[in-house]
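Use the sequences and the hints to build the structure in full.
Those protein sequence lines, which keep their order, are chains D and E.
Here this note's numbering is used: the first residue of the first sequence is 2, the next is one more, and so on.
Here this note's numbering is used: the first residue of the second sequence is 2, the next is one more, and so on.
Just so you know, these hints were derived from the structure itself, not from any lab.
It is possible that part of the hints are untrue.
Just so you know, same-sequence chains aren't split out, so a pair can sit in one copy or run between any two.
[Claimed, not checked] Dumping the calculated DSSO-like pairs for lysine-lysine here, alpha-carbon to alpha-carbon at most 27 angstroms:
(1) LYS263 / LYS75
(2) LYS99 / LYS343
(3) LYS487 / LYS36
(4) LYS320 / LYS487
(5) LYS320 / LYS176
(6) LYS104 / LYS36
(7) LYS511 / LYS521
(8) LYS405 / LYS36
(9) LYS486 / LYS514
(10) LYS198 / LYS511
(11) LYS263 / LYS176
There are 2 protein chains.
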Amino acid sequence: MSDTQPVEGRAQNRQTAESMAARQREISISEFFSKNRHLLGFDNPQKALLTAVKEAVDNSLDACEDAGILPTIKIGIQQLAEDRFRIAVEDNGPGIVKAQIPKIFGKLLYGSKFHTLKQARGQQGIGISAAGMYGLLTTGKSLSVTSRTGEEKPAHYYEIQIDTRKNAPQIITDKVVEWDPPHGTRVEIELIGTYKKGRHSVDDYVRQTAIANPHCEIFYTAPDTEEVLHLQRGSDQLPPEPREIKPHPYGVELGVLIRMMKESSARQLSAALQRDFSRVSGRVAVEICKAAGLNPNANPHTIVVHEAERLFRAINGVKIMSPATNCLSPIGEEQILAGLRKEIAADYFTAITRAPAVYRGNPFQVEVGLAYGGRLQSDDLIDLLRFANRVPLQYQQSGCAITKAALGIDWRSYGLSQSKGALPVGPVVLFVHIASVWVPFTSESKEAVAAYPEIMRELRLALQECGRKLATHIRAHRRAVDEEKKKSYIEKYIPHIGIALREILGLSEKAEKQVVVTLKDVLERSRSREHIED
Amino acid sequence: MSDTQPVEGRAQNRQTAESMAARQREISISEFFSKNRHLLGFDNPQKALLTAVKEAVDNSLDACEDAGILPTIKIGIQQLAEDRFRIAVEDNGPGIVKAQIPKIFGKLLYGSKFHTLKQARGQQGIGISAAGMYGLLTTGKSLSVTSRTGEEKPAHYYEIQIDTRKNAPQIITDKVVEWDPPHGTRVEIELIGTYKKGRHSVDDYVRQTAIANPHCEIFYTAPDTEEVLHLQRGSDQLPPEPREIKPHPYGVELGVLIRMMKESSARQLSAALQRDFSRVSGRVAVEICKAAGLNPNANPHTIVVHEAERLFRAINGVKIMSPATNCLSPIGEEQILAGLRKEIAADYFTAITRAPAVYRGNPFQVEVGLAYGGRLQSDDLIDLLRFANRVPLQYQQSGCAITKAALGIDWRSYGLSQSKGALPVGPVVLFVHIASVWVPFTSESKEAVAAYPEIMRELRLALQECGRKLATHIRAHRRAVDEEKKKSYIEKYIPHIGIALREILGLSEKAEKQVVVTLKDVLERSRSREHIED
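This is the structure we're talking about:
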């Protein structure tokens with residue numbers, strides 16, 4: 002305790018610049034997030050359990066896909082006491098080299114994905130260490146990791162605690178163990194949590210993960226059962242591998258441009274532009290320099306602010322090819338349909354994948370799937386399933402761009418009923434996926450997507466396209482119902498007309514039958530003509 | 002570029018554990034937030050301008066109040082180009098000592114408030130450096146600071162840029178300058194922004210700040226005017242000075258308890274409990290140790306997990322006084338009324354300040370003010386003004402505990418109309434303030450409060466209390482209106498009855514007048530009897 006720190010209960014002196022200075026100090030990122038754990042999705046025990054499972058599964062799926070391995074994930078939740086659980090997530094991925102294990106699991110802001118422009122579930126290097134930190138905070142127990150990188154390699158077992166003051170791992174146990182799998186990683190965390198069924202549950206997360214990742218096999222053991230739920234693969238195809246790209250010049254900001262030029266490994270301005278950016282050819286680089294009134298052979302390291310400003314304006318004035326989009330790996334219409342059909346008992350399905358677009362220089366892509374009718378409830382609000390880079394988003398629905406876009410659509414014109422400012426009512430499951438090299442989440446807990454205008458636009462267009470398909474289906478369905486109704490009217494009333502005619506005109510029974518047949522025929526024909534002319 | 006980094010356009014090799022390891026590295030907190038700037042409130046140019054002003058003003062007000070100085074704040078926004086602004090915020094605070102300036106303005110997660118349990122506007126040590134970082138990113142320009150700590154001291158002028166890779170300040174200019182004010186700080190930032198009027202504007206922020214801080218004098222120059230808006234003090238009283246407290250044992254988590262004991266400066270368990278926690282007397286400390294089956298004289302540094310678990314359970318089983326609440330500085334009913342009356346043209350005002358309560362060990366306090374009628378619009382949704390530690394919250398209304406609590410109230414029982422799931426409709430401005438030693442914001446941009454159950458409960462109770470007061474007023478007001486209406490009916494129709502009676506009964510004009518007076522009198526009396534029996 003420094004001598005400027007006031008003693009509780011005693012009258013405090015007002016602060017001066019000097020006494021304030023004595024109290025100023027650095028805050029470690031781990032301290033920051035341990036006090037702000039709700040930012041990471043650990044704000045209540047139910048969410049904490051879900052978040053911990055989710056972070057571990059995200060890492061497992063990313064690792065498997067990066068290594069070209071069809072993922073098989075085992076998720077187990079064991080209840081130790083009323084509010085205490087031990088979660089275990091095991092994958093058949095490539096494993097983690099020994100030296101990296103402590104940092105990956107015991108240090109916040111550490112990883113391989115942050116500086117990479119390529120679609121991945123993880124992006125910040127926070128998630129799994131934060132889950133371990135939450136476990137440590139609430140139970141005092143270490144996170145444990147077992148990992149093996151190949152059949153000829155030993156399996157390593159670690160017990161790790163994060164030192165929050167230093168944001169650094171503290172290794173409690175480090176040993177070689179016997180472990181059967183030829184390669185893979187197993188993470189275990191003990192934590193205070195709550196297990197519940199329903200909307201925000203781990204069960205629901207597992208089901209939604211299976212829908213959006215049909216190539217993944219999952220074994221799931223919930224805490225209240227002995228049974229292992231086996232979710233089989235719907236597809237043996239790995240998703241197309243996303244490629245890493247460099248930043249696109251249109252998305253760069255002035256300050257970033259200055260830094261990139263100063264740090265470039267190139268010695269000439271035009272070479273720096275070519276090397277550090279995507280889609281900049283030699284010709285385009287020279288064109289940019291010319292438009293900026295700068296020498297293409299100038300040293301990029303000595304660029305000053307007003308020159309950079311000219312360069313910045315020139316970039317945005319020169320025509321540059323759109324960014325490559327093979328950094329993205331959308332689910333695809335077929336796979337979305339397969340996922341929905343597998344899990345949802347509806348009778349109409351449709352899906353669309355939009356072409357890639359760009360926000361702030363980051364390529365992204367929107368996909369929408371829709372299931373209608375069947376056993377879905379007609380008088381409830383529609384069920385909106387949100388996904389980002391194949392990960393289900395289960396919280397903060399109202400703050401999410403996906404919800405905002407869905408609320409902004411006039412669903413009544415597509416045949417659903419809708420109150421102002423609410424989701425429509427109808428037997429619909431709406432599946433919305435955003436894939437991007439950098440999903441702009443509204444918080445580190447990655448629960449909702451920020452409403453960038455470009456993203457809102459793509460969402461709107463995709464939802465409208467699906468809406469139109471739905472409207473066509475509903476109209477056709479209504480017409481079929483209407484026709485059925487008309488047909489039944491004809492069949493119901495014509496015999497009575499026949500009887501009346503017989504009585505009035507004194508027809509024979511045979512003549513009556515003929516009249517009835519003729520009448521039916523005429524009416525059927527007029528009905529179908531009506532239909533054709535519709 | 003490392004050799005494992007794939008080259009764009011060329012087929013990528015699938016990753017192995019080794020190739021992944023080569024790509025893993027540390028991420029600086031500045032890099033993290035520069036890529037995630039929307040987390041800090043810099044997601045679009047309009048919000049960026051507001052956030053930058055807000056962060057600077059928060060710091061100024063905190064500094065003045067800590068030093069016991071009645072704040073006078075000058076806010077200027079100068080438009081340099083269509084989307085480029087230079088903001089300047091100057092205070093009459095205690096100033097900042099020279100050595101601290103670069104870190105306070107050029108390093109994220111640096112400050113005096115994070116480790117302190119005491120109500121303040123700032124708490125994370127991020128805001129103002131982030132504003133400077135945003136300015137640098139978008140314009141390449143340094144943040145500039147002028148500060149002076151006393152009349153005999155020189156004024157220091159700095160130009161600072163944040164080095165995002167290192168999260169460290171880079172000093173561009175450092176000199177002594179002539180500056181008139183005897184003490185205070187002036188910050189200037191050039192940034193890309195948008196200036197708009199209305200709900201989310203700087204203008205609105207200034208107005209709301211004046212309402213919640215009647216002791217503060219503000220001079221504000223908007224970019225579209227030459228005029229200086231002078232918001233005068235409504236009060237010459239500084240708010241009561243909040244005192245710093247230590248954590249309360251009931252709010253501590255097991256992992257934190259372990260760390261506190263290991264790091265305690267005390268050598269005996271019971272002394273550690275007394276020294277490091279609030280409200281633990283010698284007697285209580287011994288009682289806790291006894292309940293845990295631990296020796297009060299044991300060394301706290303050698304505590305192991307299962308002993309700590311026993312200690313943790315014992316703490317929650319022993320009766321300990323509630324935390325001291327002089328760490329809070331509520332606005333108070335009188336000042337809320339003064340603020341509302343000063344700025345809002347209504348004809349009914351009410352306010353209530355709840356007693357302090359505790360969430361996760363953190364004292365907090367809820368206050369609600371309400372203005373009704375007058376020139377406020379009757380057919381719009383009510384205007385909800387949210388505040389945390391006297392700072393207006395202008396974004397993320399739907400994600401905020403305050404909004405959720407307001408939506409959860411049945412306002413129809415208090416005389417307003419309300420659709421399901423919406424705010425009520427009526428001529429109402431609703432002012433809600435949460436004061437806490439640690440406001441649990443839903444994001445670093447501090448725009449919305451997380452819905453902890455204890456906070457929701459206090460909000461609900463405060464809103465209901467204000468609602469009941471409003472209901473009483475509305476009922477009384479309606480009765481007056483109804484009476485007025487009845488009275489006007491009487492005055493309107495009785496003369497006609499008089500005329501009719503004269504014609505039917507052949508009365509004289511005088512008799513007619515008398516009949517009219519008598520009738521009026523009888524009806525007035527029956528009306529007021531009705532009223533009494535109501």
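Results of checking the hints against the structure:
| no. | hint | in the structure |
| --- | --- | --- |
| 1 | LYS263 / LYS75 | neither (47 angstroms within a copy, 37 angstroms between copies) |
| 2 | LYS99 / LYS343 | neither (39 angstroms within a copy, 66 angstroms between copies) |
| 3 | LYS487 / LYS36 | neither (66 angstroms within a copy, 61 angstroms between copies) |
| 4 | LYS320 / LYS487 | neither (60 angstroms within a copy, 75 angstroms between copies) |
| 5 | LYS320 / LYS176 | neither (57 angstroms within a copy, 44 angstroms between copies) |
| 6 | LYS104 / LYS36 | both (21 angstroms within a copy, 22 angstroms between copies) |
| 7 | LYS511 / LYS521 | within (15 angstroms within a copy, 85 angstroms between copies) |
| 8 | LYS405 / LYS36 | between (30 angstroms within a copy, 23 angstroms between copies) |
| 9 | LYS486 / LYS514 | within (22 angstroms within a copy, 73 angstroms between copies) |
| 10 | LYS198 / LYS511 | neither (64 angstroms within a copy, 84 angstroms between copies) |
| 11 | LYS263 / LYS176 | between (45 angstroms within a copy, 26 angstroms between copies) |
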